[in-house]
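Protein chains in written order, with numbering that gives the first Met the number 0: chain B, 0 to 599; chain A, 0 to 261; chain V, 0 to 115.
FYI, nobody ran anything at the bench for these hints, they're computed from the structure.
Hints may be right or wrong, so weigh each one.
[Unchecked claim] Derived lysine-lysine pairs resembling BS3-like cross-links, with alpha carbons at most 25 Å apart:
id: 1; chain 1: A; residue 1: Lys-26; chain 2: V; residue 2: Lys-2
id: 2; chain 1: V; residue 1: Lys-2; chain 2: A; residue 2: Lys-172
id: 3; chain 1: V; residue 1: Lys-2; chain 2: A; residue 2: Lys-210
id: 4; chain 1: B; residue 1: Lys-334; chain 2: A; residue 2: Lys-223
id: 5; chain 1: B; residue 1: Lys-202; chain 2: A; residue 2: Lys-26
id: 6; chain 1: A; residue 1: Lys-52; chain 2: B; residue 2: Lys-497
id: 7; chain 1: A; residue 1: Lys-137; chain 2: B; residue 2: Lys-115
id: 8; chain 1: B; residue 1: Lys-504; chain 2: B; residue 2: Lys-433
id: 9; chain 1: B; residue 1: Lys-451; chain 2: B; residue 2: Lys-511
id: 10; chain 1: A; residue 1: Lys-173; chain 2: B; residue 2: Lys-173
id: 11; chain 1: A; residue 1: Lys-52; chain 2: B; residue 2: Lys-462
id: 12; chain 1: B; residue 1: Lys-511; chain 2: B; residue 2: Lys-462
id: 13; chain 1: V; residue 1: Lys-2; chain 2: A; residue 2: Lys-223
id: 14; chain 1: B; residue 1: Lys-462; chain 2: B; residue 2: Lys-451
id: 15; chain 1: A; residue 1: Lys-200; chain 2: A; residue 2: Lys-253
id: 16; chain 1: B; residue 1: Lys-511; chain 2: A; residue 2: Lys-33
id: 17; chain 1: A; residue 1: Lys-25; chain 2: B; residue 2: Lys-511
id: 18; chain 1: B; residue 1: Lys-462; chain 2: A; residue 2: Lys-33
id: 19; chain 1: B; residue 1: Lys-511; chain 2: A; residue 2: Lys-52
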Amino acid sequence: MANYETITHDVVIVGAGLAGTWAALQASRAGVKDIGVISKIHPLRSHSGAAQGGIAAALSNVQAVPGTGAEGPLEATNENGPLVDTWEMHMADTIKGSDWLGDQDAIEILVKDAIKIIYEYEHLGCVFSRLDDGRIAQRRFGGHSMPRANYSADRTGHVLLHTVHEQALRFGVKFYSDWQCLDLIIEDGVCRGIVALDIVSGKLRVMRAKAVMFGTGGYGRAFKITSNAFANTGDGVAIAYANGVPLMDMEFVQFHPTGLWGSGILMSEACRGEGGHLLNGNNERFMANYAPSKMELAPRDMVSRSEQNEINNGRGAGPNKDAIWLDLRHLGRDKILEKLPEVREFAINFVGVDPIDNLVPIQPTAHYSMGGIPTTADGQVIANAKSDPVVGFYAAGECSCVSVHGANRLGTNSLLEASVFGKRAGDEIARFVKGGAKLYNVTGDPVEKVEKRISTIFARNGKERVDDVAQELKTTMTNNCGVFRDGERLQVAMRDIKALQERIKTARVEDKSHRFNTDLLHAIETENLLNFSEVIVHGAITRTESRGAHSRTDFANRDDANWLKHTVAHKPSNPNDPPILSYKPVNIDYKRYPPMERKY
Amino acid sequence: MAETNTTQPLQTVIVRIQRFNPDVDKKAHMQDFKVEVPAGITLLETLELIKNKMDGTLTYQKSCRHAICGSCAMNVNGKNMLVCKVPLRDVAKNGKVEVRPLQYVPIIKDLVVDRTSFWEQYERAKPWLVPPEQMPEKEFRVSPEEVHALNEAQSCIMCGACYTACTVVAFNKKYYGPAAMLKAYMRVMDPRDTIPGERLKEVGSEDGVFKCHTIFNCIDACPKGLNPTQAIETLRKLAQRRAAFEAERAERLKTIAEPIKK
Amino acid sequence: MYKNTGFISFVLRRFTGVFLVIYLAMHMFVIGSVNLGPAAFDARLALVQTNVFKILEIGLLAAVVYHAFDGVRLLMVHYFHLTNQRQSLFYAAFAIAALLTVAGGIPIILFAINGG
Numbered sequence: 000m001a002n003y004e005t006i007t008h009d010v011v012i013v014g015a016g017l018a019g020t021w022a023a024l025q026a027s028r029a030g031v032k033d034i035g036v037i038s039k040i041h042p043l044r045s046h047s048g049a050a051q052g053g054i055a056a057a058l059s060n061v062q063a064v065p066g067t068g069a070e071g072p073l074e075a076t077n078e079n080g081p082l083v084d085t086w087e088m089h090m091a092d093t094i095k096g097s098d099w100l101g102d103q104d105a106i107e108i109l110v111k112d113a114i115k116i117i118y119e120y121e122h123l124g125c126v127f128s129r130l131d132d133g134r135i136a137q138r139r140f141g142g143h144s145m146p147r148a149n150y151s152a153d154r155t156g157h158v159l160l161h162t163v164h165e166q167a168l169r170f171g172v173k174f175y176s177d178w179q180c181l182d183l184i185i186e187d188g189v190c191r192g193i194v195a196l197d198i199v200s201g202k203l204r205v206m207r208a209k210a211v212m213f214g215t216g217g218y219g220r221a222f223k224i225t226s227n228a229f230a231n232t233g234d235g236v237a238i239a240y241a242n243g244v245p246l247m248d249m250e251f252v253q254f255h256p257t258g259l260w261g262s263g264i265l266m267s268e269a270c271r272g273e274g275g276h277l278l279n280g281n282n283e284r285f286m287a288n289y290a291p292s293k294m295e296l297a298p299r300d301m302v303s304r305s306e307q308n309e310i311n312n313g314r315g316a317g318p319n320k321d322a323i324w325l326d327l328r329h330l331g332r333d334k335i336l337e338k339l340p341e342v343r344e345f346a347i348n349f350v351g352v353d354p355i356d357n358l359v360p361i362q363p364t365a366h367y368s369m370g371g372i373p374t375t376a377d378g379q380v381i382a383n384a385k386s387d388p389v390v391g392f393y394a395a396g397e398c399s400c401v402s403v404h405g406a407n408r409l410g411t412n413s414l415l416e417a418s419v420f421g422k423r424a425g426d427e428i429a430r431f432v433k434g435g436a437k438l439y440n441v442t443g444d445p446v447e448k449v450e451k452r453i454s455t456i457f458a459r460n461g462k463e464r465v466d467d468v469a470q471e472l473k474t475t476m477t478n479n480c481g482v483f484r485d486g487e488r489l490q491v492a493m494r495d496i497k498a499l500q501e502r503i504k505t506a507r508v509e510d511k512s513h514r515f516n517t518d519l520l521h522a523i524e525t526e527n528l529l530n531f532s533e534v535i536v537h538g539a540i541t542r543t544e545s546r547g548a549h550s551r552t553d554f555a556n557r558d559d560a561n562w563l564k565h566t567v568a569h570k571p572s573n574p575n576d577p578p579i580l581s582y583k584p585v586n587i588d589y590k591r592y593p594p595m596e597r598k599y
Numbered sequence: 000m001a002e003t004n005t006t007q008p009l010q011t012v013i014v015r016i017q018r019f020n021p022d023v024d025k026k027a028h029m030q031d032f033k034v035e036v037p038a039g040i041t042l043l044e045t046l047e048l049i050k051n052k053m054d055g056t057l058t059y060q061k062s063c064r065h066a067i068c069g070s071c072a073m074n075v076n077g078k079n080m081l082v083c084k085v086p087l088r089d090v091a092k093n094g095k096v097e098v099r100p101l102q103y104v105p106i107i108k109d110l111v112v113d114r115t116s117f118w119e120q121y122e123r124a125k126p127w128l129v130p131p132e133q134m135p136e137k138e139f140r141v142s143p144e145e146v147h148a149l150n151e152a153q154s155c156i157m158c159g160a161c162y163t164a165c166t167v168v169a170f171n172k173k174y175y176g177p178a179a180m181l182k183a184y185m186r187v188m189d190p191r192d193t194i195p196g197e198r199l200k201e202v203g204s205e206d207g208v209f210k211c212h213t214i215f216n217c218i219d220a221c222p223k224g225l226n227p228t229q230a231i232e233t234l235r236k237l238a239q240r241r242a243a244f245e246a247e248r249a250e251r252l253k254t255i256a257e258p259i260k261k
Numbered sequence: 000m001y002k003n004t005g006f007i008s009f010v011l012r013r014f015t016g017v018f019l020v021i022y023l024a025m026h027m028f029v030i031g032s033v034n035l036g037p038a039a040f041d042a043r044l045a046l047v048q049t050n051v052f053k054i055l056e057i058g059l060l061a062a063v064v065y066h067a068f069d070g071v072r073l074l075m076v077h078y079f080h081l082t083n084q085r086q087s088l089f090y091a092a093f094a095i096a097a098l099l100t101v102a103g104g105i106p107i108i109l110f111a112i113n114g115g
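In isolation and in its complexed conformation, chain B is listed as follows:
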């Protein structure tokens, strides 16, 4: 029996971004007082805070000046006049953006709750940018037919995250900073807690709870060119999968059109929402050839594909013709300083150009994980395509797949999803706990397995380092499972992943100490990346169509007859076998929103 300390809470939440913190705040307000939230970095450092451009809701505060078209100036609406924007319009945009893979019942909840949650954010202290009459200001965003991105300059996520964290502190939520979740404890189909590593001391702890929730974020770190933080290694997704929980729609990874060239660091979509242009190497606004009505504000998957297409056809910009120009110069100094101060800094610091005077080189960058742990609209994790629940286990935010984003997420819908479904999960958890949920015993020794895993990692003394393996994975994922995919390259990616899964078993960790061992964490995170990358690639190989962000050159068309369904991947019993796939139908209201061709 391993020696470890056990901590007990009514609710344990893993991840302190918007989803996790909203769940904690909401459950706490609903009367659950004993909540512990663990986070591998300080809660205020969570990647939700990196979101820049806005959070969508049809508040109807702003409209285009009549008669000026899609790029015309914006003005405040008459607040006593009729609504110019409605949740129904937001819903239609989201469904179209998802390429009809989004579940329409969940999307309806998302867009209806959107309006309420924006006002709630405002009431809780969020400092939104404002119109002259004091209402919340709104801007345009890609794929949305109306200006409905509510924003706080270009640091919207940062401001939302701080607001919710502050309120959670106010309501007495306990945060464990620098704690890494390493395992789930699921016995007889009931989730009973987690095993966590206190990173500072290096000690393992068991955290028992009546309900466990994951808000662990996305998996964009599987790619070399990515906008994601170092922390976004999809740990929660990997841990769930390893414990028999399926993963849904993992092959859908969004590539954002405006990552800074070379690093992939994000230049917000607000750059284009405020009127920025994209130019190819010949200084042409090439989007006119791909989405003439929406131009640069077409959905992200389309813009990224258009950029990649320009580059692949020799019309790229820069010395290697592998970049695209983002042109903000015509916005003028004042507008850039007022509305895009942070992204201007990024361009200056990371590519050495000031967008006030110069073109900024950009390229598509892995940005958002549409797939993840399948849940109901109340955050309840489901165990299979038949939607049987995993009792006591909840998830929300980017690690989950409700699915509201389907095959492609619209900008500003991610902060919204994390907030709305985080809050709903908090409500559901409170109902579950107050409805008499039991604190189940943990019968086995949950720490033994994790201890063994760690001592195995410490014993590895091969020639290669962990990071060598990690970098090769990222390279193959970006090159072979990126914006454009085909069967041949996906097979290469799969072979690489299989080989790397073997190589990691001997890749050495140099730091053998217990205190704050980031080398050990890197090894664990890399194992996680390797495990779910196989699911991403397997799903992509199997899905022989192009839909949203999953774009195959060998199957260029959407195939509703065969593929209008969610991929649900289960871990095979033999690790040499591929993931076992089953399929879940998409919730579609064929009367209101029947599948149509997606054109902008």
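Fit chains A and V to the supplied structure of chain B, relying on the hints for placement.
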């Protein structure tokens, strides 16, 4: 990352890093790493290179890579900064750069510090809004000018660079410190907040704004270009006319749900 | 220690402050003896009428003017939102203090040399 910039000329830099693991070392020591790197990379990318190619035991914190998460604040050549946003060439002008952990707080390991006292002061400053009990159906009305006054304070990423540069903090851990005061300023100035008087009483107390010696280290250290000293100066003035300010807020709150009139 | 002009001004402010307190104590020690009669007063005064103390008087002058103008500088920061001019304000206060010290120091030295 580094390897994408291989077309750039290489430069040789000696990175001198303070190392310390309290479990095994009696005291901290400096270690030199000689690296050959593309000229344009950031200091964080340089540290990544050292950790991943030279010495896996080197320990530091990082996350977002673009100066919004606040993980990677360190002391570089005697100045606090976020290593993710500083180009190596800017700090290694003579081919050398010295990297140490933030000062005045305990070291956990190498460049990782224990910010516990920093967070305690943040919580003590009650960073949360206490809104009116009666919520309107829609948003509270706040003018663009009122938002403008909060813009700076709300940009703070809580990296702790100011706190660990503050000479007063160095001697007195009971002092709120610049970041917590900036947060308090933001909430005092927020027209929706109902307890500005209580807040001003607290920041005007013994450990608050009057402890500041106006040394300006916080401004010089802030990687986001913020100005906690000015917030402290304003709080000093407001703390001296607390009752009047409370009355003004009470008046403002009467119309907080109504359209702003020009 | 985190070093810049702010830190230097802080150290100087503290140092001159302590110096002025010491001076004040000595000053009271001498002046207070007036109650003990003329002879006692003259005796104590003679103790501080040496050349060493003449030089120290220049230090006293420097401390007074620096401390005073540093205070004025901080008042200006407090009332006129001048945090962005923090470096130039420090240099200005320092320069004024240095000038006045020189201006007042020369007569003191001349007086010490020529005798009084």
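Next on the checklist: Given the hinted pair Lys-334 (chain B) and Lys-223 (chain A), is their Cα-Cα distance within 25 Å?
Outcome noted: Roughly 19 Å between the alpha carbons, so the hint for Lys-334 (chain B) and Lys-223 (chain A) holds.
Next on the checklist: Given the hinted pair Lys-173 (chain A) and Lys-173 (chain B), is their Cα-Cα distance within 25 Å?
Outcome noted: Roughly 23 Å separates the two Cα atoms, so the pair holds.
Checklist entry - Is the hinted pair Lys-462 (chain B) and Lys-33 (chain A) satisfied, with a Cα-Cα distance of at most 25 Å? => result holds, 22 Å
Next on the checklist: Lys-2 (chain V) and Lys-223 (chain A) were given as a pair; does the straight-line alpha-carbon distance stay at or below 25 Å?
Outcome noted: holds, 19 Å
Checklist entry - Are Lys-451 (chain B) and Lys-511 (chain B) close enough, with their CA atoms no more than 25 Å apart? => result holds, 14 Å
Item to check | 25 Å limit on alpha-carbon distance, applied to hinted pair Lys-26 (chain A) and Lys-2 (chain V) | outcome: holds, 23 Å
Next on the checklist: Hint check: Lys-2 (chain V) vs Lys-210 (chain A), CA-CA at most 25 Å. Holds or violated?
Outcome noted: holds, 19 Å
Item to check | Straight-line alpha-carbon gap Lys-511 (chain B) to Lys-33 (chain A), limit 25 Å | outcome: Satisfied, since the Cα-Cα distance of roughly 24 Å is no more than 25 Å.
Checklist entry - Is the Cα-Cα distance between Lys-504 (chain B) and Lys-433 (chain B) 25 Å or less? => result Roughly 44 Å separates the two Cα atoms, so the pair is violated.
Next on the checklist: Tell me if the straight-line CA distance from Lys-200 (chain A) to Lys-253 (chain A) falls inside 25 Å.
Outcome noted: holds, 23 Å
Item to check | Holds or violated: Lys-52 (chain A) to Lys-497 (chain B), with C-alpha atoms at most 25 Å apart | outcome: holds, 24 Å
Item to check | 25 Å Cα cutoff - pair Lys-137 (chain A), Lys-115 (chain B) | outcome: holds, 8 Å
Violation of the numbered hints given earlier is confined to hint 8; every other hint is satisfied by the structure.
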